[in-house]
Structures are given as C-alpha cells and as structure tokens.
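Visitor: Here is what each chain is made of, one letter per residue.
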Amino acid sequence: MTIKEIQTEIVDEFSMFDDWMQRYEYIIELGKTLPLIDEKFKTEENIIKGCQSKVWLQGEENNGKIAFTADSDAILTKGIIAILIRAFSNQKPSDILEANTDFIDEIGLKEHLSPTRANGLVSMIKQIKMYALAFEAKN
Amino acid sequence: MINIQKIRADFPILSQKVNGKSLVYFDNAATSQKPQVVIDAEANYYKEINANIHRGVHTLSQLATDAYERSRLKIQQHINAKFSHEVLFTSGTTHGINLVANGFSSFLKPGDEVMVSALEHHSNIVPWQMLCEKTGAKLVVIPMNEIGELILSEYERLLSEKTKIVTVNHISNALGTINPIKLMINKAHKVGAAVLIDGAQAVPHLKPDVQELNCDFYVFSGHKICGPTGTGILYGKEEWLNKLPPYQGGGEMIATVTFEKTTYAELPHKFEAGTPNIAGGIVLGTAIDYLNEIGFENIAAYEHELLEYGTKQLLEIEGLKIYGTSSQKTSVISFTVEGIHPYDIGTIIDKLGIAVRTGHHCAQPIMDFYQIPGTLRASFAFYNTKEEIDALVVAIKKAQQMLT
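Chains B and Z are the protein sequences, given in the same order. The opening residue of the first sequence carries number 1 in the working numbering; numbering runs sequentially from there. The opening residue of the second sequence carries number 1001 in the working numbering; numbering runs sequentially from there.
Be a bit skeptical, because a hint or two may be false.
Examples of chain B residues toward chain Z, derived with CB under 7 Å [as the list claims (entries may be wrong)]: (1) Trp20; (2) Gly31; (3) Asn46; (4) Ser53; (5) Asp73; (6) Ile75.
Treat the hints as calculated values from the structure; they're not laboratory data. No residue lacks a Cβ here, since even glycine has one placed at the ideal position from N, Cα and C.
Model the full assembly from the supplied sequences, consistent with the hints where possible.
Guide: Dropping the structure here:
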C-alpha cells in the first residue's frame, strides 16, 4: 500500500468514532500495535526532542525502504507514533519525503499538530523525514 | 471570610467553556486569572492617560507619571519597603534575578561561592550559573529531603565566609513548600552573605514584609497576583542598589550624558532604562488593591482549606502519590498516578475542561531528586472551589480507567 492509501485507511477507521473519548481510546489501542524499538537503541540520541514524554525512534534501511521502530513512556504518545509509523514505515525514502500529513488533521488530532504542543508530534514527523532524507542522500 | 460567588463573578474567564466543559483552572502557580477591575484598568489607561512618563511637561504625561509612581508607593506599602526608591519595576521575576546576578559579577572573584537551593525554579538557577561561569565563583546547592524541605543543618554547614550571596525561593513552585527564609536570611547575614528571595510563588498567598524578613533583595512577578504579564518587582535594600552597577543603559536611567562620560540617575531610575511597561506597572497596583480588599488572611485561610480538602480527596485515588508533603506548604499539590505518565493524564483531563500543569515545572533538579519524569501539579487560588476539586478527582479517575 502507498502512504496515501494507508492514511486513507486510518482516516476511515477514525471516522467511526463520534467523540474524542472513543478516538483517544483507539489511539491507545493502536499504541499496542507499535513495532517496538530494540532496547539497545533506546539511547539519548534516539530520543526525539520537544516531547514532554520520552519518544525513541529508530529507522533501518531494508531493500530500499525504511522500517521504523519506536517506543514512548506515555501511552497516548505511543499511540500517536504508532499511527505515524503505520503510515510511513516500509516505504521508500523519496515517498516519505513527498508525503503530507493532512490525515492527522482529518482524524481529529489537529490540536496535536501545533508546534508548541508538548507531545512533539511535529518533531516526530520531522525526525521521520530526517531519516528519509539521510537514507536518500546515502543512496 | 471569602464570598466565593462574588469573587468568581469578578473573573470573566472562569465562566468560560473549554472543550465544551466548564473550565476548571488549576494552573494558578503558572499564572493567575485577571479580575474585571484589572482588565478595565488596563483599557482605561490607554483610553484616558496614555503618555510617556518622567519627561513630558504636558498634562497627560504628568497624569501617567503620577499613576505610575502612585503604584510604586502602593507596592512599597504592600511589601513594607523602607523607601519607594527601593522598589524597582521589572518585566518579571526572571528579569529581577538577572539584574541582581549580573550586578554581582563586579563583586565576585574565583573561589567565592554563590548558594542556591535544590528547590529552585530554573530561572533562579541559570542566571547564577552564568554568573559563576563569568567570575569563576562556585555554585553551591542546599540539599532537600524526601518531603521536599531544605535541610537546614546542611545549609549551616555549607555557609562560610566564601558565601557571597544566597538565593532561595520563599515558596517552591513545584512542591509548594514554604521555606524558613527568615531564619535562612539571618544565618546568611552572619557570614556576611547577601540574600535574594524569589517570591514569585509566595506573593499570591501572603504579604511579604521585606523589613521584617531583612532580605537584601525580594523579587516577584505581577502576572501571578492577578496583574498583567510582563510586570514584576525587584525590591532591593538601598545600600545594595547603590552598590550594584546599572543593568541596561538607555534613556531614563541617566543624569547627564556626554560622549566622554555619563552619570547615572538616582534610584530607582538607575535601573529603569527605557520606556517601561507603564500600563502594566499602574495596573499591577490595581491588582494589589484588589487582593488587599479581599485580604491576604482570608485568602490564606480559604486556600488552606482547599489544600486540605484537595489532598484528602486526591489521596483517595488508587496509586496517587503526592510529592512535597511538608507541613509548611501552600495550595499546590504535585502528584503522580502509578503506572501512568503525567502527560497522558494531563491530556485526557484537559479534554474534560481541567487545566493543570504537567511536566518538570521548570525544576528538573527536583524531578531528578525523586527520579520521576515529572508530575501533575494542581495549584489552587482563592477563586477555586471544592466542587472543582471534585471535578478534578472524577476526571483523574476517568483518565485512569482509559489509560490502564
């Protein structure tokens, strides 16, 4: 599936919920599906800055695609990074770089997109794109 | 006695809905809400007497200058300073601390010591670290104990002839502990050290008497006492303010200027370069009048009631732990809930209309001491109610249900 297709799929899933509480409960559920980062990569340099909770993100190249793993000490943050990873993992660096993130708005998490928001969603997206940029430059 | 209905009606923001729910504002230690008299006074200044102060001969300038200086006198009385020129307008606590720390760079030499406490806000740590880097002085830290009190025996042990200044908060922002500053000031003076008190968290709850405390400097912010943001006060004893070099150069702070030499103005103007926050300074006086009308004894008694009620109710929640349990504390409750990140709870209860602070509260060393990533902090003001505390408890239980 392309990034766009996955994003549409996520938006469809979220459209089933009427209120914020159900949406947040689903985010928590999605957090449980997160491909967890290997403990040895939980290093200071893999921590994403700008989050009130700790978020570790690691990307590895696999047949021209990037596989992301992550973790967080906060449950909601874990859910949010899980959503991002579902959309962006196992994709080509060039596709990751081109993709937009409007779907975050569409699933009712717009308030989390503000750059001053302490959850660092914006920093997470930036870090994912940085990985893509680095791998693309390397190839 | 507090007439809570009447008081709440004074604050337009409190009747607001947030995320469709009635706002419960428990982030008072970060900033207080503003009563209508303060909001009106700010607008009226611009509508009626806006002019630059201390220079014009025209009527508006005189009116603005009078209002500004009347506010200074009001604040002098409020904190019981000996002279009004010991009361300097600043942009806030941080500004006041930086002004003093910067001034001390001309007094310190390598080997001297600057003493801070383990309970400080970053703004009362970093300026002193910068001072130490600049001068080669050493930063010494008064340690704290498990319940969030400073260890006074250690304090006494650390004090020596080398100590040049001790800087400590009157009340901890992260835990609410009231420090025994009078005793600490006394001990510091015995070794010849100056003392700066960061009163940012104290002034919303009590009326400091700087002469009785005998502190050399006392700083606070206006926005935490129902005043405008960008206002603050630095009280300094006359002898110290005369000794300290000016912080910023500019207009207002000079007596005469030639390209060869400038002589500085008398206190307080020596430290008030440039056009100040005139409206803010005047309205800070209005805010102080408002609080004094309610009465600090009434405020303290009522807030203590909220603290006791809040502590009892919160402790009913399974797995909830309170940090900072000194018997001497103000209406601040810093807590964690077992197995749940403070950020998660903060986010969920925000959706339920409740505003608390989450994180390290700009006091990372305290969080390191307890080895936690942060806490949730509910800080109550005289306009909060027990019903709001009940709503907080319900919201936390709801969040707990969702998150475990």
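Visitor: Next, verify each hint and record whether it holds.
Guide: Results of checking the hints against the structure:
Interface restraint check for B/Trp20: the shortest CB-CB distance to chain Z comes to about 5 Å, inside 7 Å, so the restraint holds. Of the supplied interface hints, the one on B/Gly31 is violated, with its beta-carbon coming no nearer than about 10 Å to a beta-carbon of chain Z, more than 7 Å. Hint on B/Asn46 is violated. Least Cβ distance to chain Z is approximately 17 Å, over the 7 Å limit. At its closest, the beta carbon of B/Ser53 sits 5 Å from a beta carbon of chain Z; the interface hint therefore holds under the 7 Å criterion.
The interface hint given for B/Asp73 is met, as the beta carbon of that residue sits about 6 Å from the closest beta carbon of chain Z, less than 7 Å. The interface hint given for B/Ile75 is met, as the beta carbon of that residue sits about 5 Å from the closest beta carbon of chain Z, less than 7 Å.
The earlier numbered hints that this structure contradicts are 2 and 3.
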